[in-house]
Structures are given as C-alpha cells and as structure tokens.
Amino acid sequence: MNNDDWRHETQPLIYEGGIHMPYSWTIGKTGSSFFMELRDHQRIMGNQCPECHVIWVPPRLRCPECYVEISQDSWKEIGPNGTLRHFTIVHYSHPAHPLTPPFAYGIIDLDGASRGFTHLISGVDLKALRSGLRLKPIWRSERQGSILDIDYFTPIGG
1 MNNDDWRHET
11 QPLIYEGGIH
21 MPYSWTIGKT
31 GSSFFMELRD
41 HQRIMGNQCP
51 ECHVIWVPPR
61 LRCPECYVEI
71 SQDSWKEIGP
81 NGTLRHFTIV
91 HYSHPAHPLT
101 PPFAYGIIDL
111 DGASRGFTHL
121 ISGVDLKALR
131 SGLRLKPIWR
141 SERQGSILDI
151 DYFTPIGG
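Quick note: the sequence shown uses this note's numbering, first residue 1, plus one each step.
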C-alpha cells in the first residue's frame, strides 16, 4: 500500500441523521396467533408461565422473568377491560402518532393479566384521567392483525 495515498491524511466526516428504511419480518407463531385473535375474534389473549405463574399479555414463547418455555396450552382470554395504572398525555403532532393530539398513552392492568399493557387512551376529557380509572377497548371495524386493531381504550360508562 502506498503511504502517499490521500486517504491516510483525510479525516472522516460524520453525518448525523436518520434513515427511513421499510422492512418486514416474521413475528413467529406466538405473535401471529395473538394478532389473529385480535383481528378475527376481538379477543386479547395472554399466557401463563408454568414456573413463576406470571400471566403475560401479549403472550410470550418464553417467560422473560424465569426463561421457561410457555406452552400454547396455557393461553387464556384476558380482559378486555382493565384499570389505568399510569398515563402520559401527548400534545404535539408527529407522523408516527396513530391519533391526532391530544391523546394519552396508558399502562393498563387488564383484568386477569399480571403485567401492564401499554395502549392509547382517547374518547375522554384528558383532564379527567386518573390512576384507577376503569377502561374498555374500542375496536376498529376493519382489523388487520396489529395492536392497533384496538383503536384505543376509553372509560367504561363514558
């Protein structure tokens, strides 16, 4: 190699920015089954670890806490209603947001699940949101097999 090569004395430039790159990947049997239940039956499914007994939503192939394999036989319908644990209100627009602001994201303790389920909250005066509020899902009329087949959660009776 020639030491007089211009590349040895050139400092690399760093370009900072983002690259939008569409891609596809398989979500596996567990993920596919969960999303097909949402799409085809409007049912939120979970599964229970045989070792630590945590009920996961969405279902997991392996328990994230004790790493035990969870069988397909342990699946059960969860919720669909739940209790709002925490929330944050979104006031700004962004192309990635699925709703027009203002709306909220919340961690919802679905009835029968051991861990919180994060989803959108809408159809309510956001000033009335509080931890402990009971919520129900509002389903999209045309579902595609995604988490957004549940359009959002809204207060029960609201």
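Fair warning: there could be bad hints in the mix.
To be verified - Pair ranges (Cβ atoms, derived):
| id | residue 1 | residue 2 | range |
| --- | --- | --- | --- |
| 1 | LEU13 | ASN81 | 53 to 63 Å |
| 2 | PRO98 | SER33 | 18 to 28 Å |
| 3 | GLY18 | GLU77 | 49 to 59 Å |
| 4 | LEU126 | LEU148 | 13 to 23 Å |
| 5 | HIS20 | GLY145 | 20 to 30 Å |
Hints listed in this document are in silico derivations from the structure and should not be mistaken for laboratory results. Every residue, glycine too, gets a C-beta built ideally from N, C-alpha and C.
Okay, the hints, checked on the actual structure:
1. LEU13 to ASN81: 53 to 63 Å: holds (55 Å)
2. PRO98 to SER33: 18 to 28 Å: holds (23 Å)
3. GLY18 to GLU77: 49 to 59 Å: violated (39 Å)
4. LEU126 to LEU148: 13 to 23 Å: holds (20 Å)
5. HIS20 to GLY145: 20 to 30 Å: holds (23 Å)
Violated hint for the displayed structure: number 3, the only one.
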